[in-house]
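Mind docking chain B on chain A? Use the hints.
Each chain, written out:
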Amino acid sequence: MNSATFSLATLAPAVPEMALLAFVSVLLVGDLFVSERGRHVTFWFAVASLLGTAALAAQMVGSPTVVTFSGMFVADPLSQVLKVAALLAVAVTLVYGRVYLQLRDLLRGEFLSLTLFATLGMMVMISAHHFLTLYLGLEILALSLYAMVALQRESVRATEAAMKYFVLGALASGMLLYGMSMLYGATGSLDIARVATSLGTAGSSRTLAVFGLVFIVAGIAFKLGAVPFHMWVPDIYHGAATPATLLIGSAPKIAAFAFVLRLLAQALGGMGSDWQQMLAILAAASIGLGNLVAIAQTNLKRMLAYSTISHMGFLLLGILAGTDNGYGSAMFYVLTYVLMTLGAFGMILLLSRAGFEAEELEDLRGLNRHSRWYAFVMLVIVFSLAGIPPAVGFLAKLAVLQAAWEAGFGGLVVFAVLMSVVGAFYYLRLVKLMYMDEPAGEITIAPRRDMRVLLSANALAVLALGIVPAPLMDLCARAITASL
Amino acid sequence: MAQGFPILSLVTWLPIAFGVAVLAVGNDRNPAPARWTALVGAILGFLACLPLWTGFSTATGGAMQFEELAPWIPLFNVNYHLGVDGISMPLIALNSFMTVLVVVAHWEVVTDKVAQYLAAFLVMSGLINGTFAALDAILFYVFFEAMLIPMFLIIGVWGGPNRVYAAVKFFLYTLLGSLLMLAAFVYLYHQTNGSFEILDYHKVPLGMTAQVLVFLAMFMSFAVKVPMWPVHTWLPDAHVEAPTGGSVILAAITLKIGAYGFLRFNMPIAPDASHALAGFMITLSLVAVVYIGLVALAQSDMKKLIAYSSISHMGFVTLGFFLFNADGVLGGLIQMVSHGFVSAAMFLCVGVLYDRVHSRNIADYGGVANTMPVFAAFFVLFAMANSGLPATSGFVGEFFVIMGAVKVNFWYAFLAATTLVFGAAYTLWMVKRVIYGEVANDNVAALRDVNTRELVFLVLLAACVLAMGVYPKPFADVMNPTILDLLKHVATSKLS
Chain A
1 MNSATFSLAT
11 LAPAVPEMAL
21 LAFVSVLLVG
31 DLFVSERGRH
41 VTFWFAVASL
51 LGTAALAAQM
61 VGSPTVVTFS
71 GMFVADPLSQ
81 VLKVAALLAV
91 AVTLVYGRVY
101 LQLRDLLRGE
111 FLSLTLFATL
121 GMMVMISAHH
131 FLTLYLGLEI
141 LALSLYAMVA
151 LQRESVRATE
161 AAMKYFVLGA
171 LASGMLLYGM
181 SMLYGATGSL
191 DIARVATSLG
201 TAGSSRTLAV
211 FGLVFIVAGI
221 AFKLGAVPFH
231 MWVPDIYHGA
241 ATPATLLIGS
251 APKIAAFAFV
261 LRLLAQALGG
271 MGSDWQQMLA
281 ILAAASIGLG
291 NLVAIAQTNL
301 KRMLAYSTIS
311 HMGFLLLGIL
321 AGTDNGYGSA
331 MFYVLTYVLM
341 TLGAFGMILL
351 LSRAGFEAEE
361 LEDLRGLNRH
371 SRWYAFVMLV
381 IVFSLAGIPP
391 AVGFLAKLAV
401 LQAAWEAGFG
411 GLVVFAVLMS
421 VVGAFYYLRL
431 VKLMYMDEPA
441 GEITIAPRRD
451 MRVLLSANAL
461 AVLALGIVPA
471 PLMDLCARAI
481 TASL
Chain B
1001 MAQGFPILSL
1011 VTWLPIAFGV
1021 AVLAVGNDRN
1031 PAPARWTALV
1041 GAILGFLACL
1051 PLWTGFSTAT
1061 GGAMQFEELA
1071 PWIPLFNVNY
1081 HLGVDGISMP
1091 LIALNSFMTV
1101 LVVVAHWEVV
1111 TDKVAQYLAA
1121 FLVMSGLING
1131 TFAALDAILF
1141 YVFFEAMLIP
1151 MFLIIGVWGG
1161 PNRVYAAVKF
1171 FLYTLLGSLL
1181 MLAAFVYLYH
1191 QTNGSFEILD
1201 YHKVPLGMTA
1211 QVLVFLAMFM
1221 SFAVKVPMWP
1231 VHTWLPDAHV
1241 EAPTGGSVIL
1251 AAITLKIGAY
1261 GFLRFNMPIA
1271 PDASHALAGF
1281 MITLSLVAVV
1291 YIGLVALAQS
1301 DMKKLIAYSS
1311 ISHMGFVTLG
1321 FFLFNADGVL
1331 GGLIQMVSHG
1341 FVSAAMFLCV
1351 GVLYDRVHSR
1361 NIADYGGVAN
1371 TMPVFAAFFV
1381 LFAMANSGLP
1391 ATSGFVGEFF
1401 VIMGAVKVNF
1411 WYAFLAATTL
1421 VFGAAYTLWM
1431 VKRVIYGEVA
1441 NDNVAALRDV
1451 NTRELVFLVL
1461 LAACVLAMGV
1471 YPKPFADVMN
1481 PTILDLLKHV
1491 ATSKLS
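Protein chains in written order, with my numbering: chain A, 1 to 484; chain B, 1001 to 1496.
These aren't lab readings, by the way, just hints derived from the structure by calculation. These numbers were taken from a predicted model, which means no experiment stands behind them. Be aware that one or more of the hints could be misleading.
Said to hold, decoys possible - Lysine to any residue pairs mimicking SDA-like chemistry, simulated, CA-CA at most 25 Å apart: (1) B:Lys1473 <-> B:Leu1484; (2) B:Lys1169 <-> A:Ala296; (3) B:Lys1432 <-> B:Val1290; (4) B:Lys1169 <-> A:Asn299; (5) B:Lys1169 <-> A:Ala375; (6) B:Lys1169 <-> A:Phe376; (7) A:Lys164 <-> A:Gln297; (8) B:Lys1169 <-> A:Gly366; (9) B:Lys1407 <-> B:Lys1473.
What the hints assert, rightly or not - Quick look at which bits of chain A chain B covers, simulated, 3 or more residues with Cβ under 8 Å: (10) 382-394; (11) 406-417; (12) 430-439; (13) 466-478.
We put the beta carbon where it would ideally sit given N, CA and C, even for glycine.
This is chain B alone, in the form it adopts within the complex:
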């Protein structure tokens, strides 16, 4: 295995190093140096991950690329092993991109403990990249858990009024799930005669009971993260109380780690259990799609509404995965990336309004289009993407998943397709109440339209949403070989 320039280490550690640097130059009275350092760090982090995209080879199938391997704890055979395939690479790119947006978005908004805020985001960005790139179970776990610390602080320090409750709930829910996964890793370590390599776990034969237990232990961890119904209750709390940047990263990135975990761990390690439990997974996913869609309809808080909409959309992702066909998995993956853009955009839009009016209540708005026409145009575009309008990225993923579902069972597809109705209903109804109509009150009348800084991230996200909606091929090309490999692997029974 040729080891070239360690790009993956760079995308992991560069943001973390800049996070430390931000703390070093930060000072509460003059936040400018911290801000600029963070921006430079975020942009460099994004640039560093570009070679991953350009240098990615689709000819090798699902093999890992850009691998780095070094012993870390030789005693337990734990290695510093990084590598990406068509599933993880786009997610790393997405995360690095979002970090730039988050730094831009915070600019005039966060004024308290700025350096710590930015450092938390940069450190988390690096840890997330590490999570996606890790090929060693313990390394994965370390990144996965370490991520909780900055997120806990982001929600708890800079969040809304009920932030402490939300932060603790977020932390404990996630920790409970992941510790069970750790127990599963220890079990697999002894099954493979002392290996923590994820790729070895893919190959180790396991009996049905063992597979089911391993599947459930990991399911606990990732289902909480996705989040799937019924362990989703931390998400609305965390989202509502988190600062805008926190919501963006939560929705756009950390939820994806849960879905990524299903593809990297559950399905290949326990293929027979995955097939046996597919009905269970699909049921939970459909409940999320339909029931949570209805719950979203009833929300009066914009952030809560988008949070529920996220859960519903993530239901699509898990539904796609457990259909076990190429359309479903590809649809799920595209939906993941697309949801990253769309949910981030929605949260940023709410953030724009919140910064001006300091309310997330739908009832406090009305007729925003009259005072903020440019903003309103973007908001409507993202709302359309959120409800899955063709030519936006939201459509592509949902379409593929529904196609995949039809091949398995008509009723799956039918129930999944209801999201196109519910999604449109709750999103557009919110748009109607917030954007259209007469100017509702003095606050709205006093609104100023978006400034250049806000325009930057709105335009960037709009471009991504449209580009992916019109021409998703680059993503599909990168993902497809890995998906086909994965499905071939999952179709082979591990029972001997």
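With the rest of the complex left out, here is chain A:
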């Protein structure tokens, strides 16, 4: 049957993925023939292939849902928007990381091709319509990231982080697979649409399905870094080279969001009342612990790691609402969160120089004295992360909070709101260091213009989205309603 319906047209929805795969193959081979001095050619080729793929994906935004490859792969409005966002985020990551990588002799073909492979994995995850495709995408992404963290061979910290990441990641993947196999047992299918329809029928075993659901939620929590499955986050964020951290902390969150949506909302939507409760606990624990422990951190990357944990809790608040309103809000949240993360790590990269990592909180001391503009850039990003208007972080929080309230989680909303005050404290400390203290050490700002322009635009986007949020919010809401 499958061979009978095959034609070139069935490949059309997957053109961006195939294009990226082609690009990465060219890069892999081409890089062998490029001398050390011409390395920037491969670098810009990688950026261009990301942008080119993004352009291909952007062309498809707005086209109706197509399921292809015998139900393995779906191209719907949701996936198109998310893919464009993920591709752009990775491109920005590369630009931010370029000087840093160059100075540490990491800007090699390996890093670039791993980045592109990771991106490919994200795209497959985003477009999965089958548990196996989902898993395939996840593993492409995860394996690339493990290797990327380990790329800094001579660094003990990085090696340790890679080891931890790999072991825990494999464990999480195992849980997911186990959960999926349970669901297969309960429904007799791995196809997302068919799982969804057969869950409601009398033939499926509810006990078995719930059992599988528990493992799936645990796997998801691992991948998102939600408490109590968060242990890897601070160590990996801290241990990996900053551009790798940025890559782990930004675009994959978009893929993870799609992943959660495909599994919980699309496949297991019928069991909403079961997973809502689980997510509520995960969200509350993440928001509480993430904010509290962040206070004790002196390392900026670790602090941002704990801040990520609490942000993932907020993301779950939107998802657990289980409504289109909630999913749309969560999507807005994840997109703006990625934008903020890019900015925050971008600042670390901007202030780092050869042999010096600007990753301690103290390294930002007196930044305002040195550069009013970059202190302002960081100020905007930090207040956005803290959820203080007019930056966009506030509206993102508001959106998920109102969705959770609508779904009847009022107590959780109040708790989340109170923990935000705790969160504000450690963000304020950062502002205090930048504005109210005199510089202690030397501050240098990387002179690369591409990065400076991009970082400034990044911060301004955070501010502008807070003032004019309607287009992006509408886009998210439309993508969700058109796809689910």
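What follows is chain B alone, placed relative to chain A:
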């Protein structure tokens, strides 16, 4: 609804635009362009708000005027909705006026990061105007919270030795309160079937429990801002450590936002809860009036003394509001405006002394009248206004509130009236120790009297204090229709 020229948008965004411009022309070695740009911006901002006063109609009762409405986030039905009534309009005018004074007052005093300092003030001025004008809960919240950022920086960057502690305390206290208010907004959003319009909240029927919870959530937010006893402890710290301009804006304007919030949110949205909790509110207010008055008496730091005196005076404002009669509310409102002038004047006077001697300690002064006679005259005038002397603005508000209190309960009035004694005691005792007597030390002997720049703001404020004390009618005329409307609304139960 006819939409004329968007004056309210102008008074909100003009200062902010000038704040950005100040940053653009600013440069740390030559602050003059930044200063002049800021002055022009502040004056234009003040001129822009004059049409609000002249064009204000008292014939329409408490209806909103100068309304502007545009969709902002259609998905959640959030609108860019501005409008003013007799409560908010005078406060916008007050704020725009104070911004000019603050810019004038900083002139020779602030020399570090001048452009950023002025930009923070201008941006904050615009945000405060937006807060008073916002008729959409989320818009209000955005202005309300965004205001924290410049204030945090003003206290933390240009403040005194303990400035960081004060700034963080200020920020977290205020944030805690306002986030609970945000939760209340989300609740009301779902109660009204998806509206963030404040005026819709006024109409939505709510059960008693819901009203009490909403009231308390908003109370947390505004009580911290006012500040009411016992959540007032951030204020003395913030005031003492803030630079003079920061203290002026804090005392004259931002405290008023808390009181304004009670009138705009608590009372009309939860009228039954307001009545039920009136005893609680009045008790807290009276504690502030009496106890904080006594605390002020014990201060040895001038700024701290004025800070405590502010809390005590704001106790009068909240007391007036929760009496639920026209005299009380009008008295509270007039007291708000008057306190804006008087506290600003007091802080500026302390600033004048501080710039010369670099001490806020009362004990470091004595006999200032001998070396600064002109200054001493103004200082005594403002001190009299602070203690509520008739013919100054301080008297009018307190008198009305006491009149309102007598109608409700004699003992309320009695306790409230003690402020006339305590207020006089702590203010005049400070005057005696600072201004009168023999020249205490070499520092005082070396003092030079006020210069033209200082004279400008002292004269302006003195004129306002006296004018309002002698002829408060223009203010009362503007406020009265809105107050009567509000009281009528609050008297109607929302329980069905």
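So, going through the hints one by one against the coordinates:
1. Pair hint Lys1473 of chain B plus Leu1484 of chain B holds up; C-alpha atoms about 16 Å apart against a cutoff of 25 Å.
2. A hinted pair counts as satisfied when its Cα atoms are at most 25 Å apart, and Lys1169 of chain B with Ala296 of chain A qualifies at roughly 18 Å.
3. The hinted pair formed by Lys1432 of chain B and Val1290 of chain B meets the criterion: a straight-line CA distance of about 22 Å does not exceed 25 Å.
4. At most 25 Å may separate the alpha-carbon atoms for a hinted pair to count; Lys1169 of chain B and Asn299 of chain A meet this at roughly 23 Å.
5. Our distance criterion of 25 Å between C-alpha atoms is met by Lys1169 of chain B and Ala375 of chain A, whose separation comes to about 22 Å.
6. For the proposed pair Lys1169 of chain B and Phe376 of chain A, the alpha carbon gap of about 22 Å is at most 25 Å, so the pair holds.
7. Between the alpha carbons of Lys164 of chain A and Gln297 of chain A the distance comes to roughly 20 Å, so the proposed pair stays at or under 25 Å and holds.
8. Our distance criterion of 25 Å between C-alpha atoms is met by Lys1169 of chain B and Gly366 of chain A, whose separation comes to about 21 Å.
9. For the hint linking Lys1407 of chain B to Lys1473 of chain B, the alpha-carbon distance of about 22 Å falls within 25 Å, and the restraint holds.
10. Proximity of the segment 382-394 of chain A to chain B, defined as three or more residues with a beta carbon under 8 Å from a beta carbon of that chain, is established by the 5 residues found.
11. With 5 residues carrying a beta carbon less than 8 Å from a beta carbon of chain B, the segment 406-417 of chain A meets the three-residue requirement, and the given coverage holds.
12. For the segment 430-439 of chain A, the stated coverage by chain B holds: 4 residues have a C-beta nearer than 8 Å to a C-beta of that chain, and at least 3 were required.
13. Only when three residues or more bring their CB closer than 8 Å to a CB of chain B does the claim for the segment 466-478 of chain A stand; here the count is 5, and the claim holds.
Of the numbered hints given earlier, the model fails none.
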